[in-house]
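Whole structure, please, built from the sequences with the hints as guidance.
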Amino acid sequence: MKLSIQVNEGPYQHQATDSAYNFTKAAIEAGHEIFRVFFYHDGVNNGTRYTTPPQDDRNVVNRWSELAEAHNLDLVVCVAAAQRRGIVDEGEQERNGKDGNNIAPGFRISGLGQLIEAGIQADRLVVFGD
Amino acid sequence: MSMLHTVNKSPFEKDSMTSCLRLSADGSSILLIEDAIYAALDGTSVSDSVKEAMKSKKIYALQEDINARGVQGKVMDGIEQVDYAGFVKLVTEHDKVQSWV
Amino acid sequence: MSDVKKFLYVNRRAPYGSIYAWESLEVVLIGAAFDQDVALAFVDDGVYQLTKGQDTAGVGMKNFSPTYSALGDYDINKWATMTSTRFM
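Protein chains in written order, with my numbering: chain A, 1 to 130; chain B, 1001 to 1101; chain C, 2001 to 2088.
Quick caveat, the hints were computed from the structure, so don't treat them as lab data. These numbers come from a predicted model, not from an experiment. Please note that a few of the clues may not be correct.
Below, in silico cross-link-like pairs of lysine-lysine (DSSO-like), each with a Cα-Cα straight-line distance of 30 Å or less [stated by the list, open to error]: (1) LYS2052/C <-> LYS1014/B; (2) LYS25/A <-> LYS1096/B; (3) LYS2062/C <-> LYS2078/C.
Ranges between beta-carbon positions, derived for each pair [claimed, not checked]: (4) ARG1069/B <-> PRO53/A: 20 to 30 Å; (5) SER2018/C <-> ASP1026/B: 28 to 38 Å; (6) LEU2008/C <-> MET1/A: 18 to 28 Å.
With the C-beta cut set under 10 Å, the calculated list includes, among others, these residues of chain B facing chain A [stated by the list, open to error]: (7) GLU1034; (8) LYS1089; (9) THR1092; (10) HIS1094.
Glycine included, each C-beta is placed from N, C-alpha and C at the ideal position.
See the structure below:
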């Protein structure tokens, strides 16, 4: 089955992204196709590579990046929500004249249309949030 | 049409569990995750309303979240415990998923 | 994308105290371009999004409440609000 996941909260503050990650991993293990993981609201904060948790804690951002790498996942960060919260890729850096970017490997920034498309194309859309 | 609802908030802090019970159709399934695990416990001020709902709806609770909170053995009878693989199965077995976030 | 799906946007948050109401409205506006079968429900504190007379000048935030009235222009005409004890 084709599944899409929506993540509405950032790392560490809420369990939402942990739940979404565990769910996504289990879905892949069960042989389902993940059409897209869409990060919205504060969920865009899952996409910064500047996250540096203590050594003895999980690295939520790296975990997503590694899962994306291993299973060719499409991790999409909403551009409007990202701009508000300072999540920047090279394109956004150039467009908005920023002095750097912070997007983590495996993530890409794109429009809200990607969320609607995820809802249309997938058989189920599962939302994780606060 | 069968629908799966997920609730993730403690019923003592937010009203998402109450709203879910009120607005979900009979025959629906409800999966309790994260802090909604506390709605699955027996002997609390909301246990009776959950038991009442169980007459017309099937209620599940996520094992990993139960264990994390140290409330193994306190979950009321009639609530089925599932792991993440079971969560995925529930999603695929129902036509739609509504998350009460 | 020719297949039409039913989308129900469930709004359960009050405006301004958090960004959920505003960013959810952005989803609705973008989604309108996809010609899907769209409906909105306002439940719990979501009903406060529809309060008349919102004036955000003093809090320095954008007042997005006029947008709801304009949704008809986007062919979004299916609305539901729950009977609520949240209005006195």
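Checked hints:
Taken as a hint, the LYS2052/C and LYS1014/B pair is honoured in the structure, with Cα atoms around 26 Å apart against an allowance of 30 Å. The hinted pair formed by LYS25/A and LYS1096/B meets the criterion: a straight-line CA distance of about 20 Å does not exceed 30 Å. Of the supplied pair hints, the one linking LYS2062/C and LYS2078/C holds, its CA atoms being roughly 25 Å apart against a limit of 30 Å. In this structure, ARG1069/B and PRO53/A meet the distance hint of 20 to 30 Å, their C-beta atoms being roughly 22 Å apart.
At about 32 Å, the CB distance of SER2018/C to ASP1026/B agrees with the hint of 28 to 38 Å. Judged by the Cβ atoms, the range 18 to 28 Å given for LEU2008/C and MET1/A holds: they are separated by roughly 21 Å. The beta carbon of GLU1034/B comes within 5 Å of a beta carbon in chain A, closer than 10 Å, and the hint placing it at the interface holds. The closest approach between the C-beta of LYS1089/B and any C-beta of chain A is roughly 7 Å, which is under the 10 Å cut-off, so the hint is satisfied.
With 10 Å as the threshold, the beta carbon of THR1092/B comes within range of chain A, its nearest partner Cβ sitting at about 5 Å, so the hint holds. Because the closest C-beta pair between HIS1094/B and chain A is about 8 Å apart, less than 10 Å, the hint holds.
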